[in-house]
Structure formats: structure tokens, C-alpha cells
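Peer 1: Sequence:
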Amino acid sequence: MDLFKQACWLLCETPIHGLLRSNSVGREDKVEKAKRQHELCSFYVAVAMGLSCTSQASKLYEAEFTAVYDTTLRLTDYLEKVTGFPLSPRADYDALAPLFFDNFHELALAALQTTSERSPSLSPPARSHQC
1 MDLFKQACWL
11 LCETPIHGLL
21 RSNSVGREDK
31 VEKAKRQHEL
41 CSFYVAVAMG
51 LSCTSQASKL
61 YEAEFTAVYD
71 TTLRLTDYLE
81 KVTGFPLSPR
91 ADYDALAPLF
101 FDNFHELALA
111 ALQTTSERSP
121 SLSPPARSHQ
131 C
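Heads up: the sequence shown begins at 1 in the working numbering, then just goes up one per residue.
It is worth saying that the hints were derived from the structure and are not from the lab. Keep in mind that the hints are not guaranteed to be accurate.
Using 16 Å as the maximum straight-line C-alpha spacing, the simulated EDC-like pairs for lysine to aspartate or glutamate come out as follows [as the list claims (entries may be wrong)]:
id: 1; residue 1: 35; residue 2: 70
id: 2; residue 1: 5; residue 2: 106
id: 3; residue 1: 35; residue 2: 77
id: 4; residue 1: 33; residue 2: 77
id: 5; residue 1: 59; residue 2: 39
id: 6; residue 1: 35; residue 2: 13
id: 7; residue 1: 33; residue 2: 13
id: 8; residue 1: 33; residue 2: 70
id: 9; residue 1: 5; residue 2: 102
Label-pair ranges, simulated between beta-carbon atoms [stated by the list, open to error]:
id: 10; residue 1: 66; residue 2: 4; range: 16 to 24 Å
id: 11; residue 1: 6; residue 2: 92; range: 15 to 23 Å
id: 12; residue 1: 14; residue 2: 106; range: 13 to 21 Å
Ideal Cβ positions, reconstructed from N, Cα and C, are used throughout, including at glycine.
Please work from the sequences and hints to get the whole structure.
Peer 2: In C-alpha cells, the structure reads:
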């Protein structure tokens, strides 16, 4: 069992459900979608960069945040096309959320890896950023 992935799932499950609902037919909510997308991306950047909270992730690590956001936005903008998610009002979100998470998790980590390869001098801080 991948404990890191499991921990990410436990913290991301609620925002993922919100993001999926905000994309469903008849319940579209662009503000909610953007909020949940930002929340998920901030979480991954905060974890990767060693922050003690997520609120500063997009400001302190703009390049990393942008990479994760842009990469995962392709997933969230085209859920039905890319993943085949049926976003009907009666979609089974309990079944869809883990599938979405698997895709999001993989894309977010790949984006962070690519960013760190482009800027190898960047290293996570010693958890010194207070929120």
C-alpha cells in the first residue's frame, strides 16, 4: 500500500467530491470548480515544498503551483472526454471520486517532478513557513 497516496486521498476526497459536483449537468458552478481546483493544487504544492499549511502555496511557489494547476486543469476541463466520467445529475460520485483522484494525483506529481527537474536549485524549505 502506498501510504503517501492514501494520505493524499484522505485529505483530497472532500474537495474532489465538490469539484465533481460543480462539473455535473445542471449543477455547473465555475466559482466552486475554481475554488476546489485551487485547494487541490495548493495541497500538492504545500506537501512537495514542505509547507505547514496550504494557504501560501500559490504565492510562495508560483511556478510549481502554476505547473500543477495547468496540468490538472486539462483533466478537470475535459472530464467526460479525457476520463469518460459521466457527469449526469445521477452520477455515482462515490465511484467516480477515486478514479478522478488517481488521475489527479498522477498528474500533480508529474508536474511537480517536471518543475523540479527544470529548477534543480529549488529545494523544500525546512518547514519554516508559518501560516
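Peer 1: Confirm or reject each hint.
Peer 2: Verification of the supplied hints:
1. 35 with 70: Distance ~14 Å between residue 35 and residue 70 Cα, so the pair holds.
2. 5 with 106: holds (10 Å)
3. 35 with 77: Given pair residue 35, residue 77 holds - Cα atoms ~14 Å apart, limit 16 Å.
4. 33 with 77: Holds - the C-alpha atoms of residue 77 and residue 33 are around 10 Å apart, at most 16 Å.
5. 59 with 39: holds (13 Å)
6. 35 with 13: Holds, because 14 Å separates the two Cα atoms, which is no more than 16 Å.
7. 33 with 13: holds (14 Å)
8. 33 with 70: holds (14 Å)
9. 5 with 102: Holds, because 9 Å separates the two Cα atoms, which is no more than 16 Å.
10. 66 with 4: 16 to 24 Å: Check passed, 23 Å falls within 16 to 24 Å.
11. 6 with 92: 15 to 23 Å: holds (21 Å)
12. 14 with 106: 13 to 21 Å: At 20 Å between Cβs, range holds.
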